[in-house]
Each structure stands twice: as C-alpha cells, then as structure tokens.
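Note that the UniProt record's numbering has the sequence shown beginning at 1, numbered continuously upward.
In short, the hints are calculated from the structure, not lab data. Among these hints, one or two may not hold up.
[Said to hold, decoys possible] Restricting the straight-line Cα-Cα distance to at most 30 Å, the calculated cross-link-like pairs of lysine-lysine (DSS-like) are:
| no. | residue 1 | residue 2 |
| --- | --- | --- |
| 1 | Lys-70 | Lys-48 |
| 2 | Lys-74 | Lys-116 |
| 3 | Lys-249 | Lys-75 |
| 4 | Lys-85 | Lys-111 |
| 5 | Lys-22 | Lys-4 |
| 6 | Lys-100 | Lys-116 |
| 7 | Lys-187 | Lys-211 |
| 8 | Lys-205 | Lys-22 |
| 9 | Lys-49 | Lys-75 |
| 10 | Lys-249 | Lys-24 |
| 11 | Lys-9 | Lys-211 |
| 12 | Lys-4 | Lys-205 |
| 13 | Lys-48 | Lys-205 |
| 14 | Lys-249 | Lys-48 |
| 15 | Lys-75 | Lys-85 |
| 16 | Lys-93 | Lys-75 |
| 17 | Lys-85 | Lys-48 |
| 18 | Lys-70 | Lys-85 |
| 19 | Lys-24 | Lys-48 |
| 20 | Lys-111 | Lys-100 |
[Unchecked claim] Quick list of the computed label-pair ranges, beta carbon to beta carbon:
| no. | residue 1 | residue 2 | range |
| --- | --- | --- | --- |
| 21 | Ser-68 | Val-195 | 21 to 27 Å |
| 22 | Met-97 | Arg-54 | 43 to 49 Å |
| 23 | Glu-105 | Lys-70 | 53 to 59 Å |
| 24 | Val-248 | Glu-115 | 26 to 32 Å |
| 25 | Cys-98 | Phe-191 | 36 to 42 Å |
| 26 | Leu-203 | Glu-110 | 44 to 50 Å |
| 27 | Asn-92 | Tyr-202 | 36 to 42 Å |
No residue lacks a Cβ here, since even glycine has one placed at the ideal position from N, Cα and C.
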Amino acid sequence: MTIKEVEGKTGLSRSNIRFYEKEKLIEPSRNESNGYRDYSEYDVENIKKIAYLRTLGISIEEIRSVISGKSELKKTIERQNEILKDQITELNKAKFMCEKMLEEENISYEKLQIEKYVPELYGYWEEYQTVLKLDSVSFLYLWGSRITWAAITTLCLIVGLIFYSELPSEIPVQWNSGGAAVSLVSKKYIFICPVACIIIRYLLKPFIYVKVYMNPRGEMITEYLTNYLCFIVLSTEIFSVLFTFGVVKNIVTLLFADSAVLIGLLTVGLVKMELRGTKKL
C-alpha cells in the first residue's frame, strides 16, 4: 500500500512515518514496477506500535532495542514506569508548594520568604540540582537563542553594506592550500551570506532537529548548531573581505579558531553540567 493509505490506516502524518523509516524501525519493500515504497499490513501494525510507545515517553533507541530483540518490552515498560513515577512525584511536590503559597492572601515577590516554605534550604537546593545545574551553562542558551541568530545575520548584512563600495568588481570565494584565491565571483555575492543564514535557520534547522530531538536538550543543541553554522558564514564573509585587502592569507586558520572556540564553550558547559549533576549522588 502507498504512504497515503498508511496515513489513513494509522492516523499518523507522513513525516512521522518517514521518520520511523529513516530510523530503520520499519523497512517497507519497494514496488518493482515503479520503485515506490510498498507498505504491508505488518508495517502498518509496527508503525502503530512504535507511535504508541513514543507517546509513553520511550525513546527511539529503546524501541529499536526492543524490535531487534536486545531488550524485552516488559522490562522497558517497567523502567519507563519508574521514570514516570519519579516525574509525577516531583510534579506533585511542586504542585503542593504552589498550593501552599497560594494559601496566602497577598503573596508577592517582595514579601516572598523562601525559608517559610523550605526549612532545610541547602538540602532543598541539592534535591533540585537537575533543574539548577542548567543555570550554570546559561551562555549555551544565549548562544542558541533566536536573538543571537538575528545578530549574526544582521552583521553579515552590515559587513556587506559597509565594504561593498570598497571591494573590487570580483571577490574570492575559494582558496587553495597555499592561500591563493582560485575562484572569483561578482562582489554582489557578498550579500549571499545573510541569505545563507536565513536558509540555514529555516531550511537546514528542521533537518538538524530531526537528528537530535530525542535528546533532552535537543532543541538547545539544534539552535546551537544552527547559530554555529551561521557564525561560520559570517567568519567566511569577513575573511573574504580581509583577504581581498591583503590583511589575512589563510582561511583554514580562521575556521579552525572558530571551531575551537565554539566547541570549547560547548564542551566546558556540558562537562560543568555533568560535574554538578554528580555532586547530588
């Protein structure tokens, strides 16, 4: 059957079905006459099972392990049940504290006294390290923000506008290992950089997210990588201008420095999160 028929039988979107196929959770055969995918009833049942387990919060990797026979479904569900119990316990605690605070008639930020609700303050902070440790890497979220992307894109446009009139009719876009320009284009192409940033965000970003969305911080990682790629575009644009004026000669050094700085920030942040998380154990 066609993917449209599968959509009708499962009630799931085409993007869901394609994603499960891309993750090798289902492997439909091919119609020899036209090369199109030919889904079977077995595929339909698998798709429904996979989607149902996903609604329980079970990860793609765990589902793959169950399908391959490496894990038992019962044990996987038992583990997930324990995870959900812990989450419910934490949510109930937060709900109880909110209700307790709402018992006050005129509660306000100015009059809020934490010790009134949390007698053992240090123990309370330790209990909620999972939440608080994210504050230690706030710069990652700043780098991964839409504002940062907008700033990089704007800088790309500003650089183009400032230097356009000073540039020769043709500018380099490719260089050999020795640093010599091997490909020249019209200087109008300097404005391709802000356009590239827009393409990266609105066309490439969804593909990145598909790869990392199962990660608890998948959205942050997607934003981080998107802005990192835009930063590379900005750096390349600046290098092209500097190279044209004879200020710098080798783009590899510039790109290496960009990568080292950004990967270093990400590594330090993630390690810091991990270290703070282990203090609770």
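For each hint, the structure was consulted:
Proposed proximity of Lys-70 and Lys-48 is supported: the alpha carbons are some 20 Å apart, at most 30 Å. Restraint check for Lys-74 and Lys-116: the C-alpha separation of about 44 Å exceeds 30 Å, so the hint is violated. Distance check on the hinted pair: Lys-249 and Lys-75 sit about 59 Å apart at the alpha-carbon level, beyond 30 Å; violated. Note on Lys-85 and Lys-111: the hinted pairing is violated, with a Cα-Cα distance of about 34 Å set against a maximum of 30 Å.
Of the pairs offered as hints, the one joining Lys-22 and Lys-4 holds, with about 17 Å between alpha carbons and a cut-off of 30 Å not exceeded. With a C-alpha separation of about 10 Å, the suggested pair Lys-100 and Lys-116 falls inside the 30 Å cut-off, and the hint holds. For the given pair, Lys-187 sits about 36 Å from Lys-211 by alpha-carbon distance, which is inconsistent with the 30 Å threshold. Between Lys-205 and Lys-22, the direct Cα distance comes to roughly 17 Å. Compliance with the 30 Å bound is thereby established for this hinted pair.
At most 30 Å may separate the alpha-carbon atoms for a hinted pair to count; Lys-49 and Lys-75 meet this at roughly 16 Å. Of the supplied pair hints, the one linking Lys-249 and Lys-24 is violated, its CA atoms being roughly 46 Å apart against a limit of 30 Å. At most 30 Å may separate the alpha-carbon atoms for a hinted pair to count; Lys-9 and Lys-211 meet this at roughly 26 Å. The straight-line distance between the Cα atoms of Lys-4 and Lys-205 is roughly 26 Å, inside the 30 Å bound, and the hint therefore holds.
With a C-alpha separation of about 28 Å, the suggested pairing of Lys-48 with Lys-205 holds against the 30 Å cut-off. The straight-line distance between the Cα atoms of Lys-249 and Lys-48 is roughly 57 Å, outside the 30 Å bound, and the hint therefore fails. Straight-line distance between C-alpha atoms of Lys-75 and Lys-85 comes to about 15 Å, which keeps the hinted pair within the 30 Å bound. Using a Cα cut-off of 30 Å, the hinted pair Lys-93 and Lys-75 holds, with the two alpha carbons roughly 27 Å apart.
Between Lys-85 and Lys-48 the alpha-carbon distance is near 25 Å, which keeps this suggested pair within the 30 Å criterion. As the CA atoms of Lys-70 and Lys-85 are separated by approximately 25 Å, the hinted pair is consistent with the 30 Å bound. The straight-line distance between the Cα atoms of Lys-24 and Lys-48 is roughly 15 Å, inside the 30 Å bound, and the hint therefore holds. The straight-line distance between the Cα atoms of Lys-111 and Lys-100 is roughly 15 Å, inside the 30 Å bound, and the hint therefore holds.
The hint said 21 to 27 Å for the Cβ distance between Ser-68 and Val-195, and at roughly 44 Å that hint is violated. Distance hint check for Met-97 and Arg-54: the Cβ-Cβ separation is about 31 Å, which falls outside the suggested range of 43 to 49 Å. In this structure the hint that Glu-105 and Lys-70 lie 53 to 59 Å apart at CB holds, the actual value being about 57 Å. Between Val-248 and Glu-115 the CB atoms are about 58 Å apart, so this pair departs from the stated range of 26 to 32 Å.
In this structure the supplied range 36 to 42 Å is violated for Cys-98 paired with Phe-191, their Cβ-Cβ distance being about 51 Å. The hinted window of 44 to 50 Å between Leu-203 and Glu-110 holds, with their beta carbons roughly 47 Å apart. Taken as a hint, the range 36 to 42 Å holds for the pair Asn-92 and Tyr-202, whose Cβ atoms sit roughly 40 Å apart.
In summary, the structure is inconsistent with hints 2, 3, 4, 7, 10, 14, 21, 22, 24, 25 from the numbered list given earlier, while agreeing with the others.
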